[in-house]
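Each chain, letter by letter, is given below.
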Amino acid sequence: MKSGLGACLPKLQRRQVRFLFAAVLLFSACQPSKPAVQNNTLHMIVSVAPESLDPRWATSQVSQQISRLIYAPLFIIGDDLLPVPYLAQEAIQKDPVTYQIVLRPGLKFHNGEPLDAKDVVYTFKNTGLSEIKAPIESILARSKYGVEFKLKTPYAPFLSDLAGMGIVSQKYETGSGPYQFKNYNSATETWNLEAFANWFEGKPEIQTIEIRVVRDGNARLLELIKGKADFASGIIKPFQLPALKKYRDQIRVEKTPGLDYAYLAMNLRKPPLSDIRVRQAIAMALNIDPILEAKFNGMASRSTGMLPAGHWAKDANLEPPRYDPERAKKLLQQTGYKLPLKLTLLTGTDRFRQSIALVYQHQLKQVGIHLEIRVQDWAVIYQNMKEGRFDLYSAIWTPVVEPNLFDWVFHSSRIPGADKAGGNRGAYIDPELDKLIEKAQITSNLENRRVLYGQIERRLLQTLPYIPLWFEDNITVTSRDLVDFVPTRTCSFLPLTHARLVRH
Amino acid sequence: MSKLLQVLWVMLGATVLVTGLLHWVPGDPVDYILGEQATQEARLKLSQDLGLVDAEGHPVRFVGQYVGFISKISQNKLLSYRTREPVMTRIAARLPYTMILALASILFALALGPLLGIIAAWRRGEWPDYLGRFVALLGISLPKFFLAPMLLLVFSIYWPIFPISGATDGLMSLVLPAFSLGFAMAAVQMRFTRASILEVASQDYIRTARAKGLSERVVYFKHALRNALMPVVTVVGLELGSLLAGAVVVEKIFGWPGIGLLLLESIEQLDMPMVQGVVLVIAFFYVVMNLFTDWLYDQIDPRVRVT
Amino acid sequence: MKALVLTLVSILIAVAVLGPLAIGPAGLELNLAHDLQSGYGENGFDVFTWLVYGARVSLMIACICTVISLSVGVIYGAISGYVGGLVDIILMRFVDILLAFPGILLALYIAAILKPGILNLVVALCATGWVGYARVARSQVLAVKNQDYVTAALALGASHARILGRHILPNIWGPLFVQASFGVSSLILAEASLSFLGLGVPPGTPSWGALLDQGVTYLFVAPHLVIWPGVCIAVAVLSFNFLGDWLRDVRDPV
Numbered sequence: 001m002k003s004g005l006g007a008c009l010p011k012l013q014r015r016q017v018r019f020l021f022a023a024v025l026l027f028s029a030c031q032p033s034k035p036a037v038q039n040n041t042l043h044m045i046v047s048v049a050p051e052s053l054d055p056r057w058a059t060s061q062v063s064q065q066i067s068r069l070i071y072a073p074l075f076i077i078g079d080d081l082l083p084v085p086y087l088a089q090e091a092i093q094k095d096p097v098t099y100q101i102v103l104r105p106g107l108k109f110h111n112g113e114p115l116d117a118k119d120v121v122y123t124f125k126n127t128g129l130s131e132i133k134a135p136i137e138s139i140l141a142r143s144k145y146g147v148e149f150k151l152k153t154p155y156a157p158f159l160s161d162l163a164g165m166g167i168v169s170q171k172y173e174t175g176s177g178p179y180q181f182k183n184y185n186s187a188t189e190t191w192n193l194e195a196f197a198n199w200f201e202g203k204p205e206i207q208t209i210e211i212r213v214v215r216d217g218n219a220r221l222l223e224l225i226k227g228k229a230d231f232a233s234g235i236i237k238p239f240q241l242p243a244l245k246k247y248r249d250q251i252r253v254e255k256t257p258g259l260d261y262a263y264l265a266m267n268l269r270k271p272p273l274s275d276i277r278v279r280q281a282i283a284m285a286l287n288i289d290p291i292l293e294a295k296f297n298g299m300a301s302r303s304t305g306m307l308p309a310g311h312w313a314k315d316a317n318l319e320p321p322r323y324d325p326e327r328a329k330k331l332l333q334q335t336g337y338k339l340p341l342k343l344t345l346l347t348g349t350d351r352f353r354q355s356i357a358l359v360y361q362h363q364l365k366q367v368g369i370h371l372e373i374r375v376q377d378w379a380v381i382y383q384n385m386k387e388g389r390f391d392l393y394s395a396i397w398t399p400v401v402e403p404n405l406f407d408w409v410f411h412s413s414r415i416p417g418a419d420k421a422g423g424n425r426g427a428y429i430d431p432e433l434d435k436l437i438e439k440a441q442i443t444s445n446l447e448n449r450r451v452l453y454g455q456i457e458r459r460l461l462q463t464l465p466y467i468p469l470w471f472e473d474n475i476t477v478t479s480r481d482l483v484d485f486v487p488t489r490t491c492s493f494l495p496l497t498h499a500r501l502v503r504h
Numbered sequence: 001m002s003k004l005l006q007v008l009w010v011m012l013g014a015t016v017l018v019t020g021l022l023h024w025v026p027g028d029p030v031d032y033i034l035g036e037q038a039t040q041e042a043r044l045k046l047s048q049d050l051g052l053v054d055a056e057g058h059p060v061r062f063v064g065q066y067v068g069f070i071s072k073i074s075q076n077k078l079l080s081y082r083t084r085e086p087v088m089t090r091i092a093a094r095l096p097y098t099m100i101l102a103l104a105s106i107l108f109a110l111a112l113g114p115l116l117g118i119i120a121a122w123r124r125g126e127w128p129d130y131l132g133r134f135v136a137l138l139g140i141s142l143p144k145f146f147l148a149p150m151l152l153l154v155f156s157i158y159w160p161i162f163p164i165s166g167a168t169d170g171l172m173s174l175v176l177p178a179f180s181l182g183f184a185m186a187a188v189q190m191r192f193t194r195a196s197i198l199e200v201a202s203q204d205y206i207r208t209a210r211a212k213g214l215s216e217r218v219v220y221f222k223h224a225l226r227n228a229l230m231p232v233v234t235v236v237g238l239e240l241g242s243l244l245a246g247a248v249v250v251e252k253i254f255g256w257p258g259i260g261l262l263l264l265e266s267i268e269q270l271d272m273p274m275v276q277g278v279v280l281v282i283a284f285f286y287v288v289m290n291l292f293t294d295w296l297y298d299q300i301d302p303r304v305r306v307t
Numbered sequence: 001m002k003a004l005v006l007t008l009v010s011i012l013i014a015v016a017v018l019g020p021l022a023i024g025p026a027g028l029e030l031n032l033a034h035d036l037q038s039g040y041g042e043n044g045f046d047v048f049t050w051l052v053y054g055a056r057v058s059l060m061i062a063c064i065c066t067v068i069s070l071s072v073g074v075i076y077g078a079i080s081g082y083v084g085g086l087v088d089i090i091l092m093r094f095v096d097i098l099l100a101f102p103g104i105l106l107a108l109y110i111a112a113i114l115k116p117g118i119l120n121l122v123v124a125l126c127a128t129g130w131v132g133y134a135r136v137a138r139s140q141v142l143a144v145k146n147q148d149y150v151t152a153a154l155a156l157g158a159s160h161a162r163i164l165g166r167h168i169l170p171n172i173w174g175p176l177f178v179q180a181s182f183g184v185s186s187l188i189l190a191e192a193s194l195s196f197l198g199l200g201v202p203p204g205t206p207s208w209g210a211l212l213d214q215g216v217t218y219l220f221v222a223p224h225l226v227i228w229p230g231v232c233i234a235v236a237v238l239s240f241n242f243l244g245d246w247l248r249d250v251r252d253p254v
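Protein chains in written order, with this note's numbering: chain L, 1 to 504; chain A, 1 to 307; chain H, 1 to 254.
In case anyone wonders, no lab produced these hints; they're calculated from the structure.
Take these hints with a grain of salt, some might be off.
Stated by the list, open to error - Looking from chain A toward chain L, a few residues come up when the C-beta cut is under 10 Å (computed):
1. ASP54
2. ALA55
3. SER156
4. ASP169
5. MET172
6. GLN203
7. ILE267
8. LEU270
Glycine residues also receive a C-beta, built at the ideal position from the N, C-alpha and C atoms.
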């Protein structure tokens, strides 16, 4: 046991950490201490350290991906982006506000304790996550395996929300996922996970998963080339792929259509961006297709809104804003603002994103908009956008699965303020859209919801609080030694439980 | 004693300068960090954090700001604007990496530079001399931020021998950063050693030694060398500044987690207290190291002792 | 030596002054089809054009900063040396403070608290660049101020300003010019370093240092983005160092 355990779970309370310590010590004491079989260890690299592996505090994408391996959720999101039962056996909706969840029988936590309804109740009562947005009224353990959720109001995306939360043991704070936490080495920033023998689908073939943080982009490539890493999901960029071509018989590159929605957000609080014509002009001035071709080598697809193509709620007939610099110029002249119009774009310190911002700058210059690019650290941008201090910023929503995200991002009640959280950072206020969002939330018929979300997306294309850009493909780079791994659209690590390592 | 007083004065001045620049630079640091559209509450809170206004919101004069800064930093209560952890604690955690890197570079320069200089002087006008001088010229003219990526291209990408980034591979991680950082110093060492050996070799007592029939080798190692190695200490003192400043660049390229990288990260995050802390710590080390090399120089060469 | 030095320096100046006029800015426009191809940089600008314009940016900043630093430094150092006494002590103690910051550290700090931009970069570099000139000017003034022609002028009732301007300054330029040519080379390096660290010229400005920064990001796929700006910086630094060496030899032949 390394002393870094506390560090990897920084947001846990002391008491909880002590429990976890005790629990982990207990495992290590019980297990015969034989050296890990080198051949059966998957070396995974990630670009940033997960801030917590506890599902109740894991907010970043990488934290959630790893956390799901240790703390399995009741539902997972399938490739059709609808919830699929996982630890749950089935969900019965008794009335619009009551859900009865039935657990699989015989589930076990990593310490051997059985997992039952009271643990589910415990988990959801102790969540600190904003992911669970469902208006939960009460949670009750009806039987050993039956949990009843009562909602304040009808809330259609409820089961998808359940997929966002791994189940935690009430007594020992451990999980029940296919892998269990083994140790953390703070000097090398390495986490080790070990296959869980009592996993309900059977013990995973890959015995150990070693997760290492490699912050430098070039270093990540080198790790893969040298064969020191077997698995890199979503952290190798399209422009880096040519460097891997030479190693084709050693390295496999797989892509799935992504769910990460890239967009340009605008601040609607003040002129000129409060003027719809200015927003339309910006949308028409941007020529996105050449960017996708050149900067992403075609590994991204144009979006018409927040919902990805192939999503059950997507209206496939929507058209993205058309590139028309001449009309953009005319529109801008009509507004009467003095040209060139001066606007500031906030973008992160990542070189690749900065270079794309320079393309926007160039394209907007052609129609009479002077775009100043302000490079800031992501923490700074995040604070600025929460407090509404920006003209434009470019960012990504990851991943867009549940269409109720529209509520978080565009509902007028979600404008963040001193006393409340929300994703409507541009202060977009549209009573008509509010009504559509509220209606979609309480509609449980899937077909009716689809129609409503189609209307929402159409409305957003007309009013343009965001300029939709693209969905980037998920690029998973793996060693050819890894077989039977099937990447998912959600970039889940869970398919690793069905994969094998065949060392050559 | 007077040296020590001077160090105290210089550090006092440096702290005034570092806090004062933030105060006197045109434009409000609060505007810079928060942007022009900040809410009044956010501005007030940051101004209090930075010690620009007091608890009631009245502006603090520079003297007050300065005293506040010094008392906070000396009690380790100066907090990072981003992580809220004490600045000095964070710096202390990263400092060993920079010290290891700087020490390794100096050792590398001391191992390589004088040796090349001796060989070049010994074989003056022959190919080892030309080769040595050419290498020294490269060392002086190649910027660190050019040398380092070239080393990466050759020794990490073309022949993947050394890691490309980070400090997790032990000594292997240290080789390229230390080489990049120490090469310039090695080059200057080489030039100084060569020049001073040639100068000493032309002096009377060496000629006498030669005339007495001592072999060329004995003359070199017994007389010339002993006197010629004096500049080694001088060069370490002279080049220390560019070494410490160069560490910022080298740490960035190799992802070496020292205080240079911390400085750049903090600048990106507009974490002014952290930036000020790092700048002052580097200045402090520089001043102390200079004092040390002065002292060392006095010890070696009694002639230059100043009272 | 002389031929080599003069050739190198005049080629550099010619490229910086005439180069942009000769080839025009077309190659700086972005052209996504060429993104990171051989000979092209990020967003498809032409590396050669960028390097030529980079020469202009680099030399322009170095020369402006040298002129400003030299003027400030000479005035400061001359006053300090000429007046002497307490004034000298106070002025030099202030210089000691600036010397407590190694290399470009203070410029880096100033650049960090100002917004990125060419003007601010010049401010940051000048704020620390004048110190060297002040020290040289002071020691030169000390060396000549007690010479006969100065005391004679003083005896004839010349004002201090006149003595400084007519009798002392014309006699101390030599070492300052040597210093200045070394100064240009170290400013080229400092500008490149700050731009490399992202604290120099704003994004999109052609600068050798900024190009090297791109090169490090795209090391695997576009190593030419490291090699060529690196060669340019090394050659420019070396040329002005040679110039300094040559000027010193001319003044003070051994």
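Consistency of the hints with the structure:
| no. | hint | in the structure |
| --- | --- | --- |
| 1 | ASP54 | violated (23 Å) |
| 2 | ALA55 | violated (20 Å) |
| 3 | SER156 | holds (6 Å) |
| 4 | ASP169 | holds (9 Å) |
| 5 | MET172 | violated (12 Å) |
| 6 | GLN203 | violated (52 Å) |
| 7 | ILE267 | holds (9 Å) |
| 8 | LEU270 | holds (6 Å) |
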